[in-house]
Amino acid sequence: MPSAAGTQAMSAPLLEVRQVTKAFGGLVALQDVSLAVWPGQIKGLIGPNGAGKTTLFNLITGILPPLRGDILFRGGSIVGLPPYRIADLGIARTFQNVQLFAGMTVLENVLVGFHRHMQGGLLDAAFRSPRMRREEREVRERALGLLEEFDLLRWAHEPVESLPFGRQRVVEVARAVAAAPILVLLDEPGAGLSGAEKVRLTQVIRKLCQDGVTVFLVEHDMELMMGLADEVAVLDHTVLIAEGPPAVIQSHPAVIAAYLGEAEPTHAP
Amino acid sequence: MPSSRRSPLAGQWLGGVVPLLAVGLVLWGRRHGFGPTEYLQFLVDGLQAGAIYTLVALGFVVVHRVTGIINFAQGAFVMLGPMVTITIYGRDWPLPPAARLLLAAAVAVGLTAVVGVAVYRLAVHPARGASLLTKIMITVGVYVALQGMALLLWGPRSYVLPAFSTLQMADRTFALGDVLFKVQSLWIWATTGVAVALLTLFFERTMLGKAMRACAADRLAARLVGVRVDAMAAVAFALAAVLGAVAGIVVGPLTRPTYDMGLEIGLKGFVAAVMGGLVSFQGAVVGALLLGVLETLWAGVTLAGFRDLFAFVVLILLLLVRPHGFAGGEEGEGS
Amino acid sequence: MKRLSSSTRAFLLAAALMVAIGWLEGARPGGLSLPRLTAGLVTLDLLIRAGVFTIILVGLNLLMGYAGQVSLGQAAFYGMGAFFSAILTVKTRNVGIPPALAGAWWWPWLVMGLGAVMVGGLAYLIGWVILRLRGHYLAMATLGLGIAVFIVLRENLGLPRLDLTGGFDGVVGIPRLRVGAYPLWPVHRYFLLVWAVALATVALGLNIVDSRLGRALRAIHHSQLAAETLGVDAPRYKAQIFATSAALASLAGSLYAHFQAAVVPATFGFVPSLELVLMSAVGGMASIWGAPLGALAVLLLEELLRTRLRLILPGTGGELEAVAFGLLLILVLLFWPRGLAGRVSGPLRRPTPARGAG
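Protein chains in written order, with this note's numbering: chain A, 18 to 286; chain B, 41 to 375; chain C, 295 to 652.
These are computed hints drawn from the structure, not numbers from a lab.
Cβ coordinates follow ideal geometry from the N, Cα and C atoms, glycine included.
Nothing false has been slipped in among the hints.
Short derived list, chain A residues pointing at chain C, Cβ under 10 Å:
| # | residue |
| --- | --- |
| 1 | A143 |
| 2 | M149 |
| 3 | E189 |
Here are the in silico distance ranges between beta carbons for each label pair:
| # | chain 1 | residue 1 | chain 2 | residue 2 | range |
| --- | --- | --- | --- | --- | --- |
| 4 | A | A40 | B | P59 | 30 to 38 Å |
| 5 | C | G325 | A | S179 | 49 to 57 Å |
| 6 | B | S198 | A | F144 | 49 to 57 Å |
| 7 | B | G73 | A | D105 | 52 to 60 Å |
| 8 | B | R70 | C | V423 | 28 to 36 Å |
| 9 | A | A40 | B | S198 | 55 to 63 Å |
| 10 | B | A271 | C | V423 | 38 to 46 Å |
| 11 | A | A40 | B | T127 | 56 to 64 Å |
| 12 | C | V423 | B | A62 | 18 to 26 Å |
| 13 | A | G92 | C | W400 | 54 to 62 Å |
| 14 | C | W403 | B | T213 | 55 to 63 Å |
Between the sequences and the hints, there should be enough to build the whole structure, so can you do that?
The structure is reproduced here in structure tokens:
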């Protein structure tokens, strides 16, 4: 794991959220939130339920526009770009309520992940052009290789909805990785997983980091989070209340107060 | 999780589009040489059409509020009303013509209500686990089946329903200034007014009405407090059938009822309902009257056959600008 | 690749069957013919119409079953193609086309292609706007569109003096197609042409399904949100497939026009659009082979009703068809959402149960 301090000293932030505010009608979801994600790190985002974490992810990936503020990726503003353009820039994500393509196999799901690295269009598809055939062959190989890395090869041709929940989450991560992102946003990947599945998830995320992918992670499971993250940001009721290394955050009075205000940090939804 | 993007045109646009359309049509009419008399006539005729659309639209709104479905068979109810009335009226009952007509109409409305409940029980209720779109498609199938049955029973010809005040084909007319009124129009307005009033009273004052509103607001919660959601849906369909049948009967003397009359009236009533967001009675009434007037204006300035085009163009525009209608509701509903 | 070769096998089988039928009808060995073999039920007329519908349905299935976008107005594009061909091959003087051009053997073919491209292009623009809608709103919009087009066709495009579409009565005298001096008539030759195009369309459809685009479409259907975050330009793809389905429908319309030699607006209204949806549902919306299956099944059923029912209930005929059609739609949707091809239908599928621990 690259040292957070070293990274920060030498480079600019990969993702910068600047004073972002988001409201739904009269309901404020995020208020003046600013944070940064540095290249190569695993950044965590925690906070009680309803604090606005998924909303932030939705803003970053272009699903919703912020009311105020700016979001920069590699120095350029991405506010106002449609989601597929933001994906093209190198941001991928998983969803809190797994958004896999039901009715398609595991392999097919991952193949969609490779979408932006292929070029074949309507005519190529319709007439099976040589370019299309070559691309399909190559991508299929890469996809199978990816499945093997994630230990999913056995279920490559199974419909995704037939997999146990924990494995579905891994498929979603694999699909996101297939897009070869620079930054991947994981929204509560550990939710609903068994102990063993969580261990595997941790390995997967660590490997991502080793491969040079920056990870921005929302997670409720404190152990999971603190064990993985280089740096953690804390959202409480639409506002950022702390940001720093896990050890500091864990003993931060405002953070403790926020969590005591709710029952206790949950380990599963 | 929010899933759709904003509409391409802002909702406020529509508020400007409608008066603009009206102004545009009026100006175009001037080129045809229309003066205030003609425009007043258009207004009167438009309000008459609008009243009919109101009844049909309310039928859509009632069903949609309680079940969430867009009931395509509504047009068939509009057709059944007058057709059955004509058939019964044509029999030799030992009654004076006025009573015969009243009896025929009452029986027709009752029968259509039964058909409405049957539609719910036999076609809609069995599909309750399916997607919303499937349920709508099923009501489309119901419409086609009912229209087909009408074709079978009554053939393709058009029939005559006597005007209420003369009990003959020709109606009485009177004039206010240079503007002509048909007496049947008065019947139409009166019926619509009474229907809207009764409907409002029903939903606001009676237990049944309130139970139905509860269903519309939250089915699960309604069920939990003991409301029989299933029965409420059947009542909604029956109500819609009654509204449709009444609309068809009261406009019957003016349009020569025939087996396929339900299609266009049904779709126009639907457009009016959409203007009210499919959930608001007042919105539906306003939408229907607006539609009636604007459509009549349009028909006055364009070629005759293009009259029906108006409603569909409005429908498409509406869906694009504000699928949830004037009456509000949130942005961003996924499929 | 097992699936591919079974498709190829089906393909070759279908092609062989069509060639055999074409030969049978052309040669009539020993007085045998298709109607005689099938007790009058199956005629070349029916098969040609099935072929025409297959072309439309491949596009419709791609749109509804795979991309999950509903269209209740597909007959509009079908009609546009038919009238485009009709007008530019019959009313040539009204439009200012020199007779030398209009008489050339390749002119109707050019018109056919042009029509498909233009209708496809128009659909692309319309689709871009209209496909922002989802679910039943999209259904309503396409319904409105279908009827609007029908009205315009019925009203002579609003230009009665030019007399292009002929109002209610439509256009007659549409020429037969020929290649050079070789006429694609009598009917068994035209049958082979139509099915050659239909099978080619099926092949096209199968190719699209098993490709990057096909996967992207299915992804959009199941979760447009996730698809977009993976770089899928959903609006563009939806518009593309909408345009493709429109172009195919237009092509089918042109082929139909040259077959019937006459076109009337009534063929392209509200009920025909629904008939197409019914065929799609019966055959299996999320299946390319469902296109020919659905078309044949529904047409055969209609034929059965039309001819046989008269024996059971004398005095009835076409009217019962309409009732049956409506009932069939209901029954299929209720009890048979997968259709003949056995694949789960597109936008009409049961909503997937909520996943997740909570």
